[in-house]
Amino acid sequence: MNVITIERKVLEKNDEIAQQNRLLLSQNGIFVLNLVSSPGSGKTSILEKTLEYLEGKIPVAVIEGDVQTDIDAQRIAVYKIPVVQIVTRGGCHLDAQLIKDALKNIPLSKTKLLIIENVGNLVCPANYDLGETMKVVVVSTTEGDDKPLKYPAMFRNSSVLIINKIDLVPYVNCNLEQLERNALQINPQLKIFKTSCTTKDGISDWTEWILAQIPR
Amino acid sequence: MSIAQNILDIVREHVTPEQEQNVRTIKIKLGEFSGVVKESLEFCFSSLVNDTPLREATLEIEDIPIKALCLVCNKESRLEYGVFFCPLCGSNAVKLISGKELQIETIEISDR
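The listed protein sequences correspond, in order, to chains A and B.
Heads up, the first sequence is in the working numbering, so the first residue is 1469 and it goes up one at a time.
Heads up, the second sequence is in the working numbering, so the first residue is 1205 and it goes up one at a time.
Only chain A is shown next, with the shape it has when bound in the complex (with noise of 0.2 Å):
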């Protein structure tokens, strides 16, 4: 038996890829947030409110990942800011060239912010380093207090929590304390912003906090 060595990472090339894109961005002084939940938990409505929120004040550019269709760029589209829809065509996730790909559409010279919505999933995105400023894990009340302890690595990999949906606290089974206590179990650096995209609570708190991240 022959056995050849190999320690090598699996995903290294996407981390290489990564760290490239790492590097453009930053040469171009670029803030990059990879948004990160399951399905349904409000990612794009809170791109919107974001979006409408920073008109005006801050270059933004947006990359939209989604399984099968351009519903997600088509919303975007309407704030007439740089868009790019990545169709993964069934992949469960994006990845660093992807991203690599898709910022040859944007003008990076131009942009100050870029905003990456991953595609609905808590398990994989955790794994692909995709070149961004730092991930922001976003759940919502629907889909009760314990999600941080069922998929922890995604918890434990972001920088911002986003708990969407507090408008709807008084009709659903969440405890909201519980739930902060669960991602700081798993993550106490955790920054935690708590929103409605139908009241437009706590939406000034989290673009806020974007712009101070953004040096001007």
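For the record, the hints were derived by calculation from the structure and aren't laboratory data.
Even glycine gets a Cβ: it sits at the ideal position worked out from N, Cα and C.
Treat the hints loosely; a few may be bogus.
Residues of chain B placed beyond 12 Å of chain A at every Cβ, according to the derived structure [unchecked claim]:
hint, residue
1, 1234
2, 1255
3, 1282
Partner residues aside, some chain B positions facing chain A, computed with beta carbon under 8 Å [as the list claims (entries may be wrong)]:
hint, residue
4, 1237
5, 1244
6, 1246
7, 1250
8, 1292
9, 1314
10, 1315
Following the hints, complete the assembly by docking chain B onto the known chain A.
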């Protein structure tokens, strides 16, 4: 599935097309906190190599436990999945030192 494909791509970089049919064992280090389920990875891998010259190849997966360094008491401990507290002093200021591995270690190729 894309992780199994990545493994296959790396294997093909290290063996010649003639050697593929002789590849027997691919040793993988898989951290408990890698986010990858061992059984799913094995299933995806066998689906991909089925009907290819690599069909005799199997994954030998070594589970790597989650270990952390406590930044308060400065001791190393084994952690349970998804519980990020130092079992010795109870602090939540812990830094993972192992458990995220997803790495190909060796490829074993039969002589015949």
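Outcome of the hint check:
1. For residue 1234 of chain B, the non-interface assignment is contradicted: its Cβ lies about 9 Å from the closest Cβ of chain A, within the 12 Å cut-off.
2. Against the 12 Å criterion, residue 1255 of chain B stays outside the reach of chain A, whose nearest CB is about 21 Å from its own CB.
3. The Cβ of residue 1282 of chain B lies farther than 12 Å from every Cβ of chain A, with a closest approach of about 16 Å, so its non-interface assignment holds.
4. For residue 1237 of chain B, the interface hint holds, the least distance from its beta-carbon to any beta-carbon of chain A being 6 Å, beneath 8 Å.
5. Annotation: residue 1244 of chain B was flagged as interfacial toward chain A, and the flag is violated, the nearest CB pair being 10 Å apart, outside 8 Å.
6. Because the closest C-beta pair between residue 1246 of chain B and chain A is about 14 Å apart, greater than 8 Å, the hint is violated.
7. For residue 1250 of chain B, the interface hint is violated, the least distance from its beta-carbon to any beta-carbon of chain A being 16 Å, above 8 Å.
8. For residue 1292 of chain B, the interface hint is violated, since its Cβ never comes within 8 Å of a Cβ in chain A; the closest pair sits about 17 Å apart.
9. At its closest, the beta carbon of residue 1314 of chain B sits 6 Å from a beta carbon of chain A; the interface hint therefore holds under the 8 Å criterion.
10. Because the closest C-beta pair between residue 1315 of chain B and chain A is about 7 Å apart, less than 8 Å, the hint holds.
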